[in-house]
Each structure stands twice: as C-alpha cells, then as structure tokens.
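Asker: All chains should be modelled from the sequences, with the hints used to inform the complete structure.
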Amino acid sequence: MTIDWWTLGLQTVNLLILIWILARYLFRPVARIIAERQAATHAALDEARAAREEAEAARATAKTETAEIARIRAELLSRAQEDAKHERAHLLETARAEAEKARAETRAELARLREAQKEMVAEEAGALAADIAGRLVGRLPDTVKIDGFMDGLVGAVSELPEATRTGIGAAGPVSLRAARALTGDERTVLETRLADLLGRTVTLEIEEAPELIAGLELDARHAIVRNHFRADLDRIKSELANHD
Amino acid sequence: MDSPLTLETLFNIGPVPISAPVVVSWVIILALGLFAWLATRRLSLTPSKTQTVLELLATTVDGQIRDTMNRDPAPFRALIGTIFLFVLVANWTSLIPAVEPPTAHLETDAALALVVFVATIAYGIANRGIKGYLATFAEPSWVMIPLNLVEQITRTFSLIVRLFGNVMSGVFVVGIVLSLAGLFVPIPLMALDLLTGAVQAYIFAVLATVFIGAAAGETSGDAPSEKENKPS
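First to last, the protein sequences are chains A and B.
The opening residue of the first sequence carries number 1 in our numbering; numbering runs sequentially from there.
The opening residue of the second sequence carries number 1 in our numbering; numbering runs sequentially from there.
Keep in mind the hints are simulated off the structure, nothing from the lab.
Glycine included, every Cβ here is placed at the ideal spot set by N, Cα and C.
Just so you have them, the derived chain A footprint on chain B, three or more residues with Cβ under 8 Å: (1) 11-22; (2) 53-59; (3) 75-82; (4) 107-115.
A few chain B residues that don't get close to chain A, going by computed Cβ distances all over 10 Å: (5) 98; (6) 129; (7) 137; (8) 140; (9) 141; (10) 153; (11) 162; (12) 172; (13) 176; (14) 179; (15) 185; (16) 186; (17) 190; (18) 192.
Answerer: Below you can see the structure in the form of structure tokens.
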C-alpha cells in the first residue's frame, strides 16, 4: 500500500478551496438572510409587544378613567340625593311653617270673627235687652222712670270723693239727663236732696234722653254719675263680654 | 477490478500527476460552487423552496455545532458544513456509472482528516492560547500526556480508516456483485450505499465537530441562541 502524496496534497487544497467557496457563496449568504429574517421577526415581535404594551396602558388608562367616572357619578348621585333630601326637608319645613301660619291666621280670623260675632250678638242682645226693658218700662207708670232712680243717684253722688263732690254745681247749673222730662215736683225734690247732700243750692239743667230707658245721669264736671237702665244694660253687656 | 489501494494517473500537469479522485473532486467543487452561487443569488426574506432547503441545511449544521460544542456556531459553520456536504456528495457519486467516489481512496480521506487535525490544533490555540492548548494534553493528569498525544494521531487515523473502509467496501461489494450477478442485482446494495454514504458523512462531520469542540474548549457562558447568530 502506498500513499500518493500528490493526490493527498491536491485533495487537501481542493478541500480548502471548497471550504472557501461554500463559506463565501453558501453559508455566509444563507446565514445572513436567516439573521435578517430573525431581525425582522424580532422587530415585528418588538412592535407587537410595544403595541400590546401600549394597548395595555390604554386599557389601564381607560379602566382608571372609568373608575374615576364611576366615582364622580356616585359622588354626584350622592350629592344630588343629599341635596334632594335637604330640599325635601326644607320644602316640608316651609310647607309646615306655611300651614302653621295659615292655620294660625285662620285661627286668628276665626277668633276675630267669633269676637266680632260675639260683639254683634252682644250688641243685638243689648239692643234686644234695651228694647225689652223699654217695652217693660213703657207698661209702668212714668213716675217709675224717675222716682225709683233718685235715691240711687243721690247715693252714688254721696259716694263720690269729697273733691269731686265739692265741684258739683259750684260753677253753675248741673247738667242732668233724664229718661223723660222731669215734672216740677220731681225737679224740686231732686234739687233739694242734692242741696242737702252737698250743702249748697244746686240748679239742674235737665236734658231729656229717652235712650236711657229709665233713670238719671248727672254730669259733675269731673265725674258722671249714671243711674239708669241703659248704663245697667251696658254694664251687664260688658260683664258678659268680659266673662266670655 | 483494480485495487482500491492503488491510484491510476489520468494525466499530468507538469510534474504533478492528476488522479481520478482529484478530477472527481474538481467536478464536485465546480458543481457545489456553481449550485451555491446560483442558489444564493436571489435570497429573500420570503424564501423559495431551494432557499428553504439551504436554510434548513445551515440551521441543522448550526444546531449540531451548538449542541456539540455549546458555542456560537458561526466560526465553525463553513468548515463543518463543507466537510459534511463534500463527504456526502463524494459518497453519492458512486451512483454515477464509471465514477468512483473520491472518498473510496485513502488520499481523499486523509486530506479530510488532515484538515480536521489542523483545524483542531488551530481552533485550540486560537481559543486557549498555545500554553492553554498544550495544557489540555496534561488533563486530567500529566501522566496522561503520552496517551493524549497518541490519541490525537489515532483518532485522526480512525477518521480516515472509518470513512475509507465503509465507502471502499461498498464500492467493492457493488463491483463484485455487478461482475458476478448482472446489471440490476446490485441496485439494493447501491441504495444501501446511499444510506451508508449519508451516515458516514454525518459521522465524519460530527466527529470533526467533537474534536474541534474539545480542543477549543467550552465558553464560560451558554451558547448564543439561534436568534443571536451573526453571519460569518
């Protein structure tokens, strides 16, 4: 067995040349295109990843904004409910106050009407009483309208304070109102009794006043002494009104 | 039939005798070079069928190198890939009538083994330095230095003999059967030669990868993944 060294050397050179050729025209271009494709793929993946991250960020932002909107909505709803509650309470309070005011006004109006009605009734009662009294007195003799009241008038004058009593008739005639015109005797009797009581002469200036029904009314400058049915009826009416 | 251990000179170029394996190798180089040039003229990001096959070949070679060496395959891709392609095509030339595969002769296999041997030393020194490379002969102990030195020679010879024995025997058997039985009888054996040729090409390339990888040593970190590969 022999080795052909020329062939060995040529084959070695051939192999080295083939390595260079394939490296230059096969493996390097193919590896380059593979690397380029991988780079393109990685770029696309990076873009997709970036887009996904962007989408994630947008979704997170949208979620945050949605939560914020929900929070604001809940806050507005809560505030609106609170405002409505306050407004309702205010309206109720106002309505209650107005109702109370209207009720008070109605009550006052009713009281006023009742009072007016009472006064009217009292007036009517007084008028009726005066009418009744006038009719009843009209059935009695005329002397009754004066005689029965002289004592009361003199007694009332006697009960006046000394200073008031002193002034009666001191400056002139004393005004006297009577339910009818006094007769001469009656006038004399009354002047006499007053003179006895006051200690000086008294002249009466008599004025007829049928509205007194029966009785006398003496004007003593500083005091009026009433002793007649009209005064009694007025007093009774007043007492009735005060009693209510 | 001539002895496979003898070479017949076809012609001479000056003082250089040109034998048949050299001529067949030139044809193979021309064919592979022309094919590579034509196939890679219009590479695009959207690959054609041919480009897909070429990319599959490149990525397979890269994967094999990465798995074996645990390193970036780019510096070794051309050497390992060329060895694989050359041995494969050379083995399969036995299908062409009247053509004897170059790998059926010791000189071609020895040239292949010589290239691997030199590449082993070159990559070892390039990656470890001269001292570092020489220190590998003393691993795991200085006692192993003679054995490691012998191993460098024996494994190179084993590369030669394995490839030569398998291819030459296939050619020889087909020749004997053809001379004894007839025209179509050796066809199953020729189909078997196809498989044997592919397996031998793969074995030769993988062993070359292992030897070079062992000499170059492992990187400190993990091998870069495919997407980080750079064209060499």
